[in-house]
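Student: Chains A and F are the protein sequences, given in the same order.
Heads up: the first sequence is residues 1 to 509, going by my numbering.
Heads up: the second sequence is residues 1 to 110, going by my numbering.
Careful, some of the hints might be misleading.
[Unchecked claim] Sample of chain A residues lacking proximity to chain F, with all beta carbon distances greater than 12 angstroms (derived): (1) 130; (2) 175; (3) 358.
[What the hints assert, rightly or not] One side only, chain A facing chain F, incomplete, derived with CB under 7 angstroms: (4) 60; (5) 63; (6) 152.
[What the hints assert, rightly or not] Taking CB as the label site, the calculated pair distances span: (7) A:54 - F:85: 43 to 51 angstroms; (8) F:1 - A:17: 17 to 25 angstroms; (9) A:153 - F:70: 28 to 36 angstroms; (10) A:153 - F:58: 22 to 30 angstroms; (11) F:77 - A:388: 52 to 60 angstroms; (12) A:151 - F:71: 38 to 46 angstroms.
Hints are computed from structural coordinates only; laboratory data are not their basis.
Ideal Cβ positions, reconstructed from N, Cα and C, are used throughout, including at glycine.
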Amino acid sequence: MIHLLLLPVLVPLVAAILMLALHRRGPALARGVGLASMALVALVAVLLVLRTEGGAVWTVALGDWPAPFGIVLVADRLSVTMVAVTAAVALPALLAACDGTDLRGRHFHPFFQLQVAGLNGAFLTGDLFNLFVFFEVLLIASYGLLVHGGGAARMRAGLHYVVLNLAGSTLFLVALALVYGTLGTLNLADLARRLLLIPAEDLALVRTAFGLMLVVFVLKAAILPLSFWLPHAYAAASPPVAALFAVMTKVGLYALLRVLVTGLAASPVTAGLLSPWLTPLAIATVVVATLGVLAATRLSTVVANLVLLSTGMLAAALAEGSAALIAAAMYYLPHTTLVTAAFFLLAGHIAEGRGEVGDQLTRGPRMPAAPWLGAAYLVLGVAVTGLPPLSGFLGKVMLLTAAPASMAGYAMWITFILSGFVGALVLARSASTLFWEPVAADGPPAPAGPPLRRNLGLLLALAFVPMLVLGAGPLSAHARATAEQLLARQPYLDAVLPPDAEVARERRP
Amino acid sequence: MEILLSIGIGALVATGTWLLLRERSFSVILGLTLLSYAANLLIFAGGRLGSDDPPLALPGQEAPADPLPQALVLTAIVIGFGMTAYLVALALRAKAETGTDQVDGREDRP
Numbered sequence: 001m002i003h004l005l006l007l008p009v010l011v012p013l014v015a016a017i018l019m020l021a022l023h024r025r026g027p028a029l030a031r032g033v034g035l036a037s038m039a040l041v042a043l044v045a046v047l048l049v050l051r052t053e054g055g056a057v058w059t060v061a062l063g064d065w066p067a068p069f070g071i072v073l074v075a076d077r078l079s080v081t082m083v084a085v086t087a088a089v090a091l092p093a094l095l096a097a098c099d100g101t102d103l104r105g106r107h108f109h110p111f112f113q114l115q116v117a118g119l120n121g122a123f124l125t126g127d128l129f130n131l132f133v134f135f136e137v138l139l140i141a142s143y144g145l146l147v148h149g150g151g152a153a154r155m156r157a158g159l160h161y162v163v164l165n166l167a168g169s170t171l172f173l174v175a176l177a178l179v180y181g182t183l184g185t186l187n188l189a190d191l192a193r194r195l196l197l198i199p200a201e202d203l204a205l206v207r208t209a210f211g212l213m214l215v216v217f218v219l220k221a222a223i224l225p226l227s228f229w230l231p232h233a234y235a236a237a238s239p240p241v242a243a244l245f246a247v248m249t250k251v252g253l254y255a256l257l258r259v260l261v262t263g264l265a266a267s268p269v270t271a272g273l274l275s276p277w278l279t280p281l282a283i284a285t286v287v288v289a290t291l292g293v294l295a296a297t298r299l300s301t302v303v304a305n306l307v308l309l310s311t312g313m314l315a316a317a318l319a320e321g322s323a324a325l326i327a328a329a330m331y332y333l334p335h336t337t338l339v340t341a342a343f344f345l346l347a348g349h350i351a352e353g354r355g356e357v358g359d360q361l362t363r364g365p366r367m368p369a370a371p372w373l374g375a376a377y378l379v380l381g382v383a384v385t386g387l388p389p390l391s392g393f394l395g396k397v398m399l400l401t402a403a404p405a406s407m408a409g410y411a412m413w414i415t416f417i418l419s420g421f422v423g424a425l426v427l428a429r430s431a432s433t434l435f436w437e438p439v440a441a442d443g444p445p446a447p448a449g450p451p452l453r454r455n456l457g458l459l460l461a462l463a464f465v466p467m468l469v470l471g472a473g474p475l476s477a478h479a480r481a482t483a484e485q486l487l488a489r490q491p492y493l494d495a496v497l498p499p500d501a502e503v504a505r506e507r508r509p
Numbered sequence: 001m002e003i004l005l006s007i008g009i010g011a012l013v014a015t016g017t018w019l020l021l022r023e024r025s026f027s028v029i030l031g032l033t034l035l036s037y038a039a040n041l042l043i044f045a046g047g048r049l050g051s052d053d054p055p056l057a058l059p060g061q062e063a064p065a066d067p068l069p070q071a072l073v074l075t076a077i078v079i080g081f082g083m084t085a086y087l088v089a090l091a092l093r094a095k096a097e098t099g100t101d102q103v104d105g106r107e108d109r110p
């Protein structure tokens, strides 16, 4: 049973290797292996959630090398929730990709599996260098996925994305070198204890190191001023890939939360490192994303800016850091990830149905199966902009009732409500352009409506929307428990390193 | 030794940053490579510099060199190498698709 914790990383990794070894056997095999692997990961994620529901923090030392020298994987409620969200996004995205998107380039399926392995690894690891390695695994896979399908726009977006992330990785390495040089450890739990007893001459270096590290996480999470890559890259990716990428910004948020709360919370050394900056920047991200939604000329750009918007909202909640706000964010995060992922898939279907016009917000030919796509658009639009009665509304109510009675809280009220209004406005205007104002087709007729089999991914993604509403009670209770366990910190630290453990140290000249 | 290493890292970072901000994708790739060299040297220095520390803990020997930064730097080198190779391939492909090696894929000046 102890190996259950390794499966979310191992299963996609093995699946990717199998696909590469057997890639001459045709796409059917790769699809079968990929879907089986994702289904297995989803099953393991459910088991992990059930296993950690009681509040236990579960650790596995790889190769049985004890922490802090060996690498540990740690599962607490936060980690397994993120793994479950990843599985819930990956399965519909992969189903949607099997409609032929996966054949527009080479090696789509191995990249997809490696991306999931990297995401799960980043959520489960308890070691900062290992976090870097899993970041790289998911980034390498995402570089391949982003340019999947080719075309000048994707190449340009891909080049920018890769260069930006390579620069981010280099900064991460510099931060890790400084952390190891000053604290002598990269294990998160060990580091949290060592931070309390560092010598005075290392203070500035330690602050610099963690400052650099947090900048990297802010870049991955796409918070202003490091957020301009996101709409560009996500709108250029093919729809199933963009759906999977909806999880990727959440890795940055997760890492930010994990390192800030579990690693740095109790230490006076790093006090105030980020708190004066993060809230204003997060609110500014919401504002810029709202403007981006207004200015977008394509549906996928609208959705990409909505991803950015939700990132800003979540970052504002995490920056304030009260238990109630983190709990609300832990309900809002699965909602926004699932809904924006589904919206990317829907935008793909709409673009396909309109032929050459694609998902540009101009009048185009009448879509086949427009009523069904319209119904899906209505559901997702209501959910994503936070209108009642769907999960976006519930999440926003939770966030706003938990907002503090301070300047930051008032700013959250104003920006969250206005951004929801603007989002609803833009989506309504786009819907009328897309669905109600077709021009007579004078070009080639639009391709016939996709059969049901090709809509399975979208249908599965849509099925999560009522589940998020009907299950709001248990989900928000789980979110509250997650926030409490995270803020308590001690269970995590004690599970990784027993409090009375004597750790032998390197001798430093 | 420390002075030499820090000057070297500083020079690499300065050159790398300057190249990273240039217009052509080839310079950008060179800049990223130099930056990753600087990061690798910094990791290596994280284990402290010593001139005659043995690499192994042999009997009777007091303080071997810290092995962890060497393992870390090896990982970082491998990852950086793979990333650079991918970036070169991507830049070549982008040049083929857009017809220019300008990083935004367009020539502003004739």
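Student: So which of the earlier hints does this model not fit?
Tutor: Checked against the structure, the hints that fail are numbers 1, 2, 4, 5, 8, 9 and 10, while the rest are satisfied.
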